[in-house]
Amino acid sequence: MSGAADVLAPGAAARPVAAASAAGVGRPSLLNLLFVLPYVMLMLGLVAVPVGFGLWLSFQDYDMLGGWNGSVGLANYVNLLSDRIFQGAVRNTLLFVAMTVPAFVGLGLFLALALNDGLRRSAVLRSVFFGSSVLSVTVVTLIWRLVYMPERGLLGTVLGAFGLPEVNLVADERLALLSVVIVTLWWIIGLPMTLFLAALQQIPREIYEAAALDNAGRARTLWSITLPSLKRTILLVAVIEAILQFQIFGQVLLITGGGPNNASRPVVQFIYEAGFRDWQLGFAAAASQVLFLLMLLAALGQLWLGRRQDRG
Amino acid sequence: MATRLGKGVLAAMAAGLAALASPAGAQPKTEITLARFFGSCEADYGTNTDLSRARGECGVITTLVNKFNAENKEGITVKPQVIEWGPYYQQLTSRIAARDIPAIAVMHTAQIGDFIRARIVEPVDADLKAAGIEPSEFTPNARNGVTVDGKVYALPWDTHSWLWHINVGLFKQAGLVDEAGEPRIPKTVDEMLAQAAQMREKTGKPYAVMATTGSGDTANGARSFYSWLYDQGGSIFPGGFDKADLRTPEALASFSVFEKLAQANAITKGLDQSGAIGTFMNGGAAVWFTGTWRIDDMLAAAAKPGSPLAEGYTVRVFPSLFTKESVWTDNHSWVLLRGGSAKPEVRKAAQTFLKFMWDNNLAWSRAGHLPARAAVLDEYAKLPLRQYVVGIPQIGRSLPHEARRQFGFQAMIGEEIVSVINAGKTAQAAADAAQERSEPLLRGR
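Chains as they are written, first to last, in this note's numbering: chain A, 1 to 312; chain B, 1001 to 1445.
Don't read these hints as lab results, they were simulated from the structure.
These numbers were taken from a predicted model, which means no experiment stands behind them.
Careful, some of the hints might be misleading.
Unchecked claim - With a cut-off of at most 20 Å between alpha-carbon atoms, the simulated SDA-like pairs for lysine to any residue come out as follows:
no.: 1; chain 1: B; residue 1: K1355; chain 2: B; residue 2: P1123
no.: 2; chain 1: B; residue 1: K1243; chain 2: A; residue 2: P165
no.: 3; chain 1: B; residue 1: K1243; chain 2: A; residue 2: D63
no.: 4; chain 1: B; residue 1: K1205; chain 2: A; residue 2: R152
no.: 5; chain 1: B; residue 1: K1260; chain 2: B; residue 2: I1116
no.: 6; chain 1: B; residue 1: K1205; chain 2: A; residue 2: G156
no.: 7; chain 1: B; residue 1: K1073; chain 2: B; residue 2: D1100
no.: 8; chain 1: B; residue 1: K1355; chain 2: B; residue 2: W1164
no.: 9; chain 1: B; residue 1: K1260; chain 2: A; residue 2: E173
no.: 10; chain 1: A; residue 1: K231; chain 2: A; residue 2: L213
no.: 11; chain 1: B; residue 1: K1029; chain 2: B; residue 2: V1346
no.: 12; chain 1: B; residue 1: K1382; chain 2: B; residue 2: S1320
no.: 13; chain 1: B; residue 1: K1243; chain 2: A; residue 2: S82
no.: 14; chain 1: B; residue 1: K1172; chain 2: B; residue 2: P1123
no.: 15; chain 1: B; residue 1: K1205; chain 2: A; residue 2: V167
no.: 16; chain 1: B; residue 1: K1205; chain 2: A; residue 2: Y272
no.: 17; chain 1: B; residue 1: K1172; chain 2: B; residue 2: V1346
no.: 18; chain 1: B; residue 1: K1260; chain 2: A; residue 2: K231
no.: 19; chain 1: B; residue 1: K1260; chain 2: B; residue 2: S1320
no.: 20; chain 1: B; residue 1: K1205; chain 2: A; residue 2: E151
no.: 21; chain 1: B; residue 1: K1205; chain 2: A; residue 2: S71
no.: 22; chain 1: B; residue 1: K1151; chain 2: B; residue 2: A1180
no.: 23; chain 1: B; residue 1: K1205; chain 2: B; residue 2: A1264
no.: 24; chain 1: B; residue 1: K1151; chain 2: B; residue 2: T1314
no.: 25; chain 1: B; residue 1: K1205; chain 2: A; residue 2: P165
no.: 26; chain 1: B; residue 1: K1355; chain 2: B; residue 2: E1071
no.: 27; chain 1: B; residue 1: K1260; chain 2: B; residue 2: K1243
no.: 28; chain 1: B; residue 1: K1205; chain 2: A; residue 2: G160
no.: 29; chain 1: B; residue 1: K1243; chain 2: A; residue 2: I207
Please construct the entire structure, taking both the sequences and the accompanying hints into account.
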């Protein structure tokens, strides 16, 4: 019976396919490229060409206003390697990513788990935690500068109320970067939380019901059901946040200015200053390539780790 | 047919509306763009055209533009493009590179050399002549600031400099006033530190306040540094403009003043501009290191009932703590950028606006700056507290136009000073770092 069906089915389908082929559908044709041409053009114009131009620029002596002064080979990269401000900027950026990405994953997951229910209170809190994400960097830094302001700031006032000594986060070389980490977490914790909430709602309820029937406790359920189900989302959040946080700039510029003593200057600020303040576009482009490489390595490393875990 | 008729009616209506919108005899409008800093205060001065009501830099410049737009007979509209002071030059440079060039831009004469070398700023001798402005009317300081190789590259707008803004009430409480009740100004670093210790002991307040954390705040440290460097007859380019030397004894001594102030806990740490203003206006520190541009703002603040400055507010030129009497100075000026006013009508409108501004130079100087127009200096000296600053052009110093990347140097030196104040960096380490950082700034330029 099934054999007859198998024989009949291809025969039945063969006529329309043959008709379609005769009309040219399904045949490889260069004209088909027209469908993807707009996207390809956009990619070329907005990504490939600027990336290629940036790479070329990194080997040139290019003054923003004075124009091109010839090729300098690897000189921009050699100068970068010996530039202590750049070395500090790379260190600060890596440190910032190392502090913020796990925090975004951990805190985002914690908030999502805590607020993943149908209560009105949770809905309000979800809006509150997401609310800060819609603010611009200027507004966010304005708020936090008032918090951090020595003597009259909120932080100093609260510490003073408890009889604790004031901590000048922004002016302390050891704490300046941490002050920016706090601001950044407060500002955009909403996105990881929302991604985790969406992922949590995709986990079938039946699995939890089965676990409950097996008398699995909360910790056991979290460890054996929730976290494995969120593995891909955790990876997604980590990759997105790593890429975003490597580009840290606005908060730093407006809160610490990169100081004190270069303790909080990120690579993007270095690029901005080299290119737009000092007009050394070639040098700035070389620093951009280094940042691009760092981001690429971090993203690839996380993806590789994710695939390895999947296979495991 | 009906469609054609409909189109005709619509066209007639459009023409009628256009005719109504531009009555016969009205001048065609010419718009010119004006890139500037000095802040944005549309809420207070958005429609004000009464110069006597305008206070501070922002109030005066906003009112001047409003007044010009309301009163000029040539149908010119000036569109201000207000940029924050900190990233002003970065944004202006980006706009020039992107060919989005304003017709007129404010520019410090310390920056003008780089823009002239890049052929972005053009000579304005012919424009000034067309506008009826005589360069011989400029004060010598202002004329020097805008003249390169015998050509005038900008309309000078003021001479500004670095001051001590003083809370006289706190000086009185600390017993640091003379018989006439005037603050005793220290003449050496040790005297200043002794005063700071006395201030702390008698009032519990720090001696000095200076903004150090905002994006434009590095300029504050640099201006103080330059003033103390010049007081010793020093320069950051002692051997020519191809190489800076920030480890000379004079430079090191300038860095050391900040190190000593920070070690003595005599200067505030970690404040941005608004924090510094708030601290001084609320009586939180005795001396504020800032410029001439704050005089009018502070006079207004001191006049308010219950102000902590009500017991007395005054200013002094940034005092010399070394052998010579000198101070950092700069000028604001108006430049015509290449490509920004290429059309003849725009160029003509720009000239008309420059003439208006020149005629109102005294109004601008009410904010605190010294006027660039020699004829109004006497009037300026009669304004409150100006007797203390009117002599600045005689002792003022600035880097010559040959010194390249002055903005980069200002930011870099200022940042090292911020590190000395906020992070406890030593003066020697700051000088070494500044020396190292100066080399990339001049590399290949």
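Do the hints match the structure? See the list:
The straight-line distance between the Cα atoms of K1355 of chain B and P1123 of chain B is roughly 16 Å, inside the 20 Å bound, and the hint therefore holds. With a C-alpha separation of about 45 Å, the suggested pairing of K1243 of chain B with P165 of chain A is violated against the 20 Å cut-off. Using a Cα cut-off of 20 Å, the hinted pair K1243 of chain B and D63 of chain A holds, with the two alpha carbons roughly 19 Å apart. In summary, the hint linking K1205 of chain B to R152 of chain A is supported, as the alpha carbons are separated by about 14 Å, within the 20 Å threshold.
For the proposed pair K1260 of chain B and I1116 of chain B, the alpha carbon gap of about 39 Å is over 20 Å, so the pair is violated. The suggested pairing of K1205 of chain B with G156 of chain A holds, with an alpha-carbon distance near 17 Å, which does not exceed 20 Å. A hinted pair counts as satisfied when its Cα atoms are at most 20 Å apart, and K1073 of chain B with D1100 of chain B does not qualify at roughly 28 Å. Between K1355 of chain B and W1164 of chain B, the direct Cα distance comes to roughly 33 Å. Violation of the 20 Å bound is thereby established for this hinted pair.
Taking the CA atoms of K1260 of chain B and E173 of chain A, the gap is about 19 Å. The hint holds against a cut of 20 Å. For the hint linking K231 of chain A to L213 of chain A, the alpha-carbon distance of about 24 Å lies beyond 20 Å, and the restraint is violated. A C-alpha spacing of about 10 Å is found between K1029 of chain B and V1346 of chain B, which places the hinted pair at or below 20 Å, so the restraint holds. Between the alpha carbons of K1382 of chain B and S1320 of chain B the distance comes to roughly 25 Å, so the proposed pair goes past 20 Å and is violated.
Distance check on the hinted pair: K1243 of chain B and S82 of chain A sit about 19 Å apart at the alpha-carbon level, within 20 Å; holds. Note on K1172 of chain B and P1123 of chain B: the hinted pairing is violated, with a Cα-Cα distance of about 51 Å set against a maximum of 20 Å. For the hint linking K1205 of chain B to V167 of chain A, the alpha-carbon distance of about 18 Å falls within 20 Å, and the restraint holds. About 38 Å separates the Cα atoms of K1205 of chain B and Y272 of chain A, which puts this hinted pair outside 20 Å; it is violated.
Proximity of K1172 of chain B to V1346 of chain B is assessed by CA-CA distance (about 55 Å); at most 20 Å being required, the pair is judged violated. Pair hint K1260 of chain B plus K231 of chain A does not hold up; C-alpha atoms about 55 Å apart against a cutoff of 20 Å. Restraint check for K1260 of chain B and S1320 of chain B: satisfied, since their Cα atoms lie roughly 16 Å apart, inside the 20 Å limit. Of the supplied pair hints, the one linking K1205 of chain B and E151 of chain A holds, its CA atoms being roughly 12 Å apart against a limit of 20 Å.
Distance hint between K1205 of chain B and S71 of chain A is unfulfilled; the C-alpha atoms sit about 56 Å from each other, more than 20 Å. Under the criterion of a C-alpha separation no larger than 20 Å, the hint pairing K1151 of chain B with A1180 of chain B is inconsistent with the structure, at around 48 Å. Under the criterion of a C-alpha separation no larger than 20 Å, the hint pairing K1205 of chain B with A1264 of chain B is consistent with the structure, at around 12 Å. Under the criterion of a C-alpha separation no larger than 20 Å, the hint pairing K1151 of chain B with T1314 of chain B is inconsistent with the structure, at around 38 Å.
Under the criterion of a C-alpha separation no larger than 20 Å, the hint pairing K1205 of chain B with P165 of chain A is consistent with the structure, at around 17 Å. As the CA atoms of K1355 of chain B and E1071 of chain B are separated by approximately 13 Å, the hinted pair is consistent with the 20 Å bound. Taking the CA atoms of K1260 of chain B and K1243 of chain B, the gap is near 28 Å; set against the 20 Å cutoff, the hint is violated. At most 20 Å may separate the alpha-carbon atoms for a hinted pair to count; K1205 of chain B and G160 of chain A meet this at roughly 18 Å.
Using a Cα cut-off of 20 Å, the hinted pair K1243 of chain B and I207 of chain A is violated, with the two alpha carbons roughly 72 Å apart.
In terms of the numbered hints stated before, the structure departs from hints 2, 5, 7, 8, 10, 12, 14, 16, 17, 18, 21, 22, 24, 27 and 29, listed from lowest to highest.
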